[in-house]
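**Student:** Input sequences plus hints: build the corresponding full structure.
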Amino acid sequence: MHDKKDESLGVLIEEFLTARATGKPSPHTLAAYRRDLYAVAALVADGDATPLPLDELLITDLSPRVMRAAFARFAAPRAPASVHRAWSTWNSFFTFLVADGVVAGNPMPAVGRPRALLPQPKPLRGADTPEVLLAAVARDDGRQRDPWPERDVAVLAVALCAGLRLSELLALRVGSLAGRPGERRIEVLGKGGRPRVVPIEADLDRVLRDYLDSRVRRFGSRSVRPDSALLVDRRGEPLRRGGLQYLVESCFRRAGVGDRVPRGARLHALRHTFATRLAEDGASAAEIMRLLGHASLASSQTYIEVTAVQQRDAVRANRTNRALAALVPVREER
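Take the sequence shown: its position 143, counted from the start at 1, is 157 in my numbering, and no numbers get skipped.
I should point out that these hints are in silico values taken from the structure, not numbers from a laboratory.
C-beta: ideal position from N, C-alpha, C; glycine also.
One or more of the hints may lead you astray.
Claimed, not checked - What follows is a list of derived Cβ distance ranges for each label pair:
1) Arg-345 to Pro-91: 55 to 61 Å
2) Arg-330 to His-42: 31 to 37 Å
3) Ala-83 to Gly-256: 38 to 44 Å
4) Pro-123 to Arg-249: 52 to 58 Å
5) Asp-60 to Pro-276: 37 to 43 Å
6) Ala-33 to Arg-249: 50 to 56 Å
7) Arg-254 to Glu-201: 40 to 46 Å
8) Pro-252 to Val-211: 33 to 39 Å
Stated by the list, open to error - Dumping the calculated DSBU-like pairs for lysine-lysine here, alpha-carbon to alpha-carbon at most 30 Å:
9) Lys-38 to Lys-205
10) Lys-38 to Lys-136
11) Lys-136 to Lys-205
**Tutor:** So, in structure tokens, the structure goes:
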């Protein structure tokens with residue numbers, strides 16, 4: 015047995031988090047790991063008739079019986095999804111300790127856990143809502159101090175017709191748009207640093223080129239260098255998380271579709287609309303999961319490799335693309 019068994023639990027937790035950080039999880043994921051580990055550890059330390067200070071708790075104190083009692087207390091006020099996430103975190107922690115020779119075995123299989131419920135999609139409600147939203151935002155709004163419909167339509171169109179996450183939209187560069195006419199694509203840096211390519215149709219490509227042309231008129235040609243952020247605010251600065259969320263919410267208000275947006279969904283409702291419309295229009299689960307950049311399919315036994323042609327056919331089936339054709343006229347290729 016490794017002599018680390020005599021180190022405090024807090025030290026081992028920090029070693030685990032450092033090891034996990036090499037996989038480049040998001041800061042929110044690392045914070046969730048830390049929160050779950052320390053929350054359960056605090057219940058273990060406080061669980062016996064003679065409670066221990068947390069910094070004196072050793073890994074050898076965490077028997078299956080002790081972990082079952084701690085998780086029972088942890089689960090009482092929490093939702094099943096939160097308990098399942100904490101169980102998974104502790105399971106990974108003990109797996110790390112076993113691999114490092116700190117403990118002989120993992121007690122977590124002896125600790126019950128609720129079934130993980132798959133989150134339910136939250137697309138925009140209403141069969142024509144994406145079309146109503148895009149058409150309303152494409153019109154100049156005299157109430158806006160500095161209207162920029164080309165930019166606003168581009169943001170919505172990429173989310174609705176490529177299904178990108180908020181973080182993926184913010185990470186896009188001008189150079190992320192690649193490929194020759196007829197084979198255009200967006201190169202996306204996905205969750206966990208995993209890259210993927212999403213095909214885009216000619217109508218979305220025209221919307222994006224129209225937006226970039228308007229940006230040149232506003233800020234000059236240097237503003238659209240390949241390494242420049244694709245999405246910017248009205249001052250030409252890269253959009254940030256709060257600014258992008260506010261922009262999308264303001265588009266919902268201007269289009270009068272706020273009551274069709276599921277509570278708490280915001281921009282994610284556009285991504286879910288992309289996925290549900292693909293499914294409705296005949297795309298397979300494998301095509302949808304590949305286009306969305308989900309890791310779950312890759313880790314399952316049902317993973318299906320999808321060719322670039324199949325992905326493009328799936329995107330072409332998304333009828334939201336057809337709504338873009340009326341927004342920007344077809345121009346000769348330059």
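**Student:** Give a verdict on every hint.
**Tutor:** The hints, checked one at a time:
no. : hint                           : result
1   : Arg-345 to Pro-91: 55 to 61 Å  : 59 Å, holds
2   : Arg-330 to His-42: 31 to 37 Å  : 34 Å, holds
3   : Ala-83 to Gly-256: 38 to 44 Å  : 42 Å, holds
4   : Pro-123 to Arg-249: 52 to 58 Å : 55 Å, holds
5   : Asp-60 to Pro-276: 37 to 43 Å  : 39 Å, holds
6   : Ala-33 to Arg-249: 50 to 56 Å  : 41 Å, violated
7   : Arg-254 to Glu-201: 40 to 46 Å : 21 Å, violated
8   : Pro-252 to Val-211: 33 to 39 Å : 22 Å, violated
9   : Lys-38 to Lys-205              : 9 Å, holds
10  : Lys-38 to Lys-136              : 28 Å, holds
11  : Lys-136 to Lys-205             : 19 Å, holds
Violated hints, in rising order: 6, 7 and 8; the structure is consistent with all others.
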